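*Asks:* Starting from the given sequences, assemble the full structure and let the hints guide the process.
Chains as they are written, first to last, in this note's numbering: chain A, 489 to 792; chain B, 1273 to 1552.
Some clues are possibly wrong.
Restraint-style ranges between C-beta atoms, simulated for each label pair [to be verified]:
{"hint": "1", "chain 1": "B", "residue 1": "Gly1529", "chain 2": "A", "residue 2": "Thr700", "range": "38 to 44 Å"}
{"hint": "2", "chain 1": "A", "residue 1": "Ala693", "chain 2": "B", "residue 2": "Phe1398", "range": "35 to 41 Å"}
{"hint": "3", "chain 1": "B", "residue 1": "Asn1362", "chain 2": "A", "residue 2": "Glu739", "range": "24 to 30 Å"}
{"hint": "4", "chain 1": "A", "residue 1": "Ser523", "chain 2": "B", "residue 2": "Glu1402", "range": "22 to 28 Å"}
{"hint": "5", "chain 1": "A", "residue 1": "Lys792", "chain 2": "B", "residue 2": "Arg1411", "range": "38 to 44 Å"}
{"hint": "6", "chain 1": "B", "residue 1": "Leu1381", "chain 2": "A", "residue 2": "Gln763", "range": "42 to 48 Å"}
{"hint": "7", "chain 1": "A", "residue 1": "Ser610", "chain 2": "B", "residue 2": "Ile1490", "range": "35 to 41 Å"}
{"hint": "8", "chain 1": "A", "residue 1": "Lys792", "chain 2": "B", "residue 2": "Gly1529", "range": "19 to 25 Å"}
{"hint": "9", "chain 1": "B", "residue 1": "Glu1402", "chain 2": "A", "residue 2": "His630", "range": "55 to 61 Å"}
{"hint": "10", "chain 1": "B", "residue 1": "Tyr1451", "chain 2": "A", "residue 2": "Ser610", "range": "39 to 45 Å"}
{"hint": "11", "chain 1": "A", "residue 1": "Val787", "chain 2": "B", "residue 2": "Glu1387", "range": "46 to 52 Å"}
Here are the simulated EDC-like cross-link-like pairs (lysine to aspartate or glutamate), alpha carbons at most 16 Å apart as the crow flies [stated by the list, open to error]:
{"hint": "12", "chain 1": "A", "residue 1": "Lys531", "chain 2": "A", "residue 2": "Asp727"}
{"hint": "13", "chain 1": "B", "residue 1": "Lys1303", "chain 2": "B", "residue 2": "Glu1460"}
{"hint": "14", "chain 1": "B", "residue 1": "Lys1303", "chain 2": "B", "residue 2": "Glu1479"}
{"hint": "15", "chain 1": "B", "residue 1": "Lys1549", "chain 2": "A", "residue 2": "Glu766"}
{"hint": "16", "chain 1": "B", "residue 1": "Lys1329", "chain 2": "B", "residue 2": "Asp1341"}
{"hint": "17", "chain 1": "B", "residue 1": "Lys1368", "chain 2": "B", "residue 2": "Asp1406"}
{"hint": "18", "chain 1": "B", "residue 1": "Lys1525", "chain 2": "A", "residue 2": "Asp780"}
{"hint": "19", "chain 1": "B", "residue 1": "Lys1525", "chain 2": "A", "residue 2": "Glu783"}
{"hint": "20", "chain 1": "B", "residue 1": "Lys1526", "chain 2": "A", "residue 2": "Glu783"}
{"hint": "21", "chain 1": "B", "residue 1": "Lys1526", "chain 2": "A", "residue 2": "Asp788"}
{"hint": "22", "chain 1": "A", "residue 1": "Lys697", "chain 2": "A", "residue 2": "Asp635"}
{"hint": "23", "chain 1": "A", "residue 1": "Lys765", "chain 2": "B", "residue 2": "Asp1349"}
{"hint": "24", "chain 1": "B", "residue 1": "Lys1525", "chain 2": "A", "residue 2": "Glu766"}
{"hint": "25", "chain 1": "B", "residue 1": "Lys1329", "chain 2": "B", "residue 2": "Asp1349"}
{"hint": "26", "chain 1": "A", "residue 1": "Lys593", "chain 2": "A", "residue 2": "Glu672"}
{"hint": "27", "chain 1": "A", "residue 1": "Lys767", "chain 2": "B", "residue 2": "Glu1537"}
{"hint": "28", "chain 1": "B", "residue 1": "Lys1496", "chain 2": "B", "residue 2": "Glu1537"}
{"hint": "29", "chain 1": "B", "residue 1": "Lys1295", "chain 2": "B", "residue 2": "Asp1486"}
{"hint": "30", "chain 1": "A", "residue 1": "Lys767", "chain 2": "B", "residue 2": "Asp1540"}
To list a few chain B residues with every Cβ distance to chain A over 10 Å, as calculated [to be verified]:
{"hint": "31", "residue": "Val1279"}
{"hint": "32", "residue": "Gly1304"}
{"hint": "33", "residue": "Lys1329"}
{"hint": "34", "residue": "Gly1339"}
{"hint": "35", "residue": "Lys1344"}
{"hint": "36", "residue": "His1363"}
{"hint": "37", "residue": "Gln1364"}
{"hint": "38", "residue": "Thr1379"}
{"hint": "39", "residue": "Arg1411"}
{"hint": "40", "residue": "His1444"}
What the hints contain is simulated information worked out from the structure, not anything from laboratory work.
What you are looking at is a predicted structure, and each value in this text was computed from that prediction instead of being measured.
Built from N, CA and C at the ideal position, the CB exists for glycine as well.
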Amino acid sequence: MAGDNYLPPLANYSEGIMVNKKPVIEFKNLTYYYSLQEKPALKNINLTIYEGEYVAILGLNGAGKTTLQLCINGVIPNMIIGNFEGDVLVNGLNTQEYPTRELAKIVGMVFDNPEFQLTQTSVAEEVALGLENIGIPTDDMHAIIEDALETVGLDGLQERSPFELSGGQQQRLAIASALAMQPEIFVMDEPTSNIDPIGKDEVIAVAAKLNTEKHMTVILAEHEVEVIAQYADHVIIIDEGEIILDGTPHEVFEQVELIEKIGLRTPQVTKFAYQLKEKYGLKTKGLPVTIDEAEQFAVDTFKK
Amino acid sequence: MNEPLIVCENLTHIYPGDVTAVKNVNLKIHKGELIGVIGQNGSGKTTLVKHFNGLLKPTKGKVIVKGQDTSKMRVQDLSRNIGYVFQNPNHQLFAKTVIDELKFGPTNLGLPEDEVNERVEKAIAFFNLEMYRDHHPYRISFPLRKLVGMASIYTMQPDVFVMDEPTTGQDHITTRIVYRLIKKLRDEGSTVICVAHDMILLAEVVERMLVMRDATLIADTDPKTVFSDKELMASTHLSPPQITELSYRMRSKKMIGSIALNINELIDASSKKYNLKRSK
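*Replies:* Next comes the structure, spelled out in structure tokens:
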């Protein structure tokens, strides 16, 4: 189960125990106001993300998910003006002091609507664009492009127009373009919200592949809690600019009442088990967050 | 049964370039039905429902709305009876403020001003748009803009409410407004036709499902029959809600007798089977 691999934050370990994961993103007392806004978009954020984690950010529209993500690639505070208090460190580099274009080599970003990101006349050129911008020699580009397209399952479509692709393919192309820059951190803002179920599965599978095979840190804002519980090993819930929950899928989704109070929901199987236990006073241990765990929960409850 | 509201007779639609988007569809829709239309992108679902309000006319066959052949009718006349909420509100909205957007439909129907205002105020309250009444529809967030799209059709009180993907891009709070809307429309006796990939929504609210694949209507039955048919679901590349998947697994372990469409159904089925007693 993905959740079992998640290492709790350093503070939970007693002193002297070696922890082999290093923090790649640290938010330190960050409060951020967009210009002319009285309410902070982010409030007192303290958050550590470790190398190789698959992080899901959940929250209502307007809760601050995108703002949080834009702080990771330095677009906030360097390109969007506002009042920025506190620090964000990416690979130990303070985003306020480090140029955004340099951060772009570390942090790749994919948005909710791939069409807005695509500009070129062929799939290969689309991937080449970012490489040109960072000065990769043409001779080296081909291999990088091939590799990126193969990773996202678009090999063979090099000459196709990006606009002839399906929604899921377009989003995978946007991922390939970011991937070609070989970022260490991949940030995706609701990458599946505008595509059909097959496309969704494709994009989620590619994100998981970047995480498990390429060992990239993946940070995904997403509404579909069933998918998050299946893949992510670190879940963050944000509401009105504040982090409400931060932990493993189990630590987070077991807080059924709190999550519903915010206006979000848990995976259906979690809610089922929670209600069953509440209503009938069952003693079965824990709450499932994935379908396989739920099946085991049912066996434990009814067959023993 | 009463006269059907919508009848499709051998409906075929071929787009320019010889692309058959809907092939030989026959169906009848009656007043008060809650219908879900599912299928992959490109399967023909949107093309099918766009025939109901005359946005598209059949290439072959007939569509009859309230006894009249749509091929001879204008969209303006059909829209009185059949409201269509676009998947993308940007394709639908054009007024300068939310309030003007909501007034446009009923005013255009020739209703007196009092009646228009009353409908608009009801819609503002129901969709929770009070804060945005004087905002430009394009200056509010996408999910809210989508609610404005629904509200602007709601104020026309059409007999049939067609919605294309009402929950995509919505969060859990705005999704719940969509659920409440569908249930309210049902209580008011409207007919709702919902094209959606959101299986949790459909399992929760609809009573009849139309399944499209490769331009063909391959199933027209209740949601339980559709979701129980694993082969059918797999052939459309759609997955049932997670709770339904769990109910399959529990059924195959003989824990319950039939599948469940929502959380409450599964709780009821398992608590009955195992004779669970409510704790105090």
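*Asks:* Hint by hint, say whether it matches the structure.
*Replies:* Here is what the structure says about each hint:
1. B:Gly1529 / A:Thr700: 38 to 44 Å: At roughly 39 Å between Cβ atoms, Thr700 (chain A) and Gly1529 (chain B) fall inside 38 to 44 Å, so the hint holds.
2. A:Ala693 / B:Phe1398: 35 to 41 Å: This hint holds: roughly 39 Å between Cβ atoms.
3. B:Asn1362 / A:Glu739: 24 to 30 Å: 39 Å, violated
4. A:Ser523 / B:Glu1402: 22 to 28 Å: 26 Å, holds
5. A:Lys792 / B:Arg1411: 38 to 44 Å: 57 Å, violated
6. B:Leu1381 / A:Gln763: 42 to 48 Å: 45 Å, holds
7. A:Ser610 / B:Ile1490: 35 to 41 Å: Holds, since Ser610 (chain A) and Ile1490 (chain B) (Cβ atoms, about 36 Å apart) stay within the stated range.
8. A:Lys792 / B:Gly1529: 19 to 25 Å: 20 Å, holds
9. B:Glu1402 / A:His630: 55 to 61 Å: Since Glu1402 (chain B) and His630 (chain A) have Cβ atoms about 57 Å apart, the given range 55 to 61 Å holds.
10. B:Tyr1451 / A:Ser610: 39 to 45 Å: 43 Å, holds
11. A:Val787 / B:Glu1387: 46 to 52 Å: 59 Å, violated
12. A:Lys531 / A:Asp727: 10 Å, holds
13. B:Lys1303 / B:Glu1460: Answer holds: Lys1303 (chain B) to Glu1460 (chain B) is near 11 Å, not above 16 Å.
14. B:Lys1303 / B:Glu1479: Satisfied, since the Cα-Cα distance of roughly 13 Å is no more than 16 Å.
15. B:Lys1549 / A:Glu766: 11 Å, holds
16. B:Lys1329 / B:Asp1341: 10 Å, holds
17. B:Lys1368 / B:Asp1406: Holds, at about 9 Å.
18. B:Lys1525 / A:Asp780: Judged against 16 Å, a Cα distance of about 14 Å means the pair holds.
19. B:Lys1525 / A:Glu783: 10 Å, holds
20. B:Lys1526 / A:Glu783: 12 Å, holds
21. B:Lys1526 / A:Asp788: Holds, at about 14 Å.
22. A:Lys697 / A:Asp635: 14 Å, holds
23. A:Lys765 / B:Asp1349: At roughly 54 Å apart (the allowed maximum being 16 Å), Asp1349 (chain B) and Lys765 (chain A) break the hint.
24. B:Lys1525 / A:Glu766: 24 Å, violated
25. B:Lys1329 / B:Asp1349: 14 Å, holds
26. A:Lys593 / A:Glu672: 8 Å, holds
27. A:Lys767 / B:Glu1537: 14 Å, holds
28. B:Lys1496 / B:Glu1537: This hinted pair holds, its Cα atoms lying about 12 Å apart.
29. B:Lys1295 / B:Asp1486: Cα-Cα ~9 Å, so holds.
30. A:Lys767 / B:Asp1540: 11 Å, holds
31. Val1279: At about 29 Å from chain A, Val1279 (chain B) clears the 10 Å cut-off, so the statement holds.
32. Gly1304: 28 Å, holds
33. Lys1329: At about 26 Å from chain A, Lys1329 (chain B) clears the 10 Å cut-off, so the statement holds.
34. Gly1339: 35 Å, holds
35. Lys1344: Non-interface label stands for Lys1344 (chain B): nearest chain A Cβ at 35 Å, farther than 10 Å.
36. His1363: 14 Å, holds
37. Gln1364: 17 Å, holds
38. Thr1379: Given that every Cβ of chain A is farther than 10 Å from that of Thr1379 (chain B), nearest at about 30 Å, it holds.
39. Arg1411: Fine: 14 Å to the nearest Cβ keeps Arg1411 (chain B) off the interface.
40. His1444: 5 Å, violated
Violated hints, listed in ascending order, are 3, 5, 11, 23, 24 and 40; each of the other numbered hints is respected by the structure.
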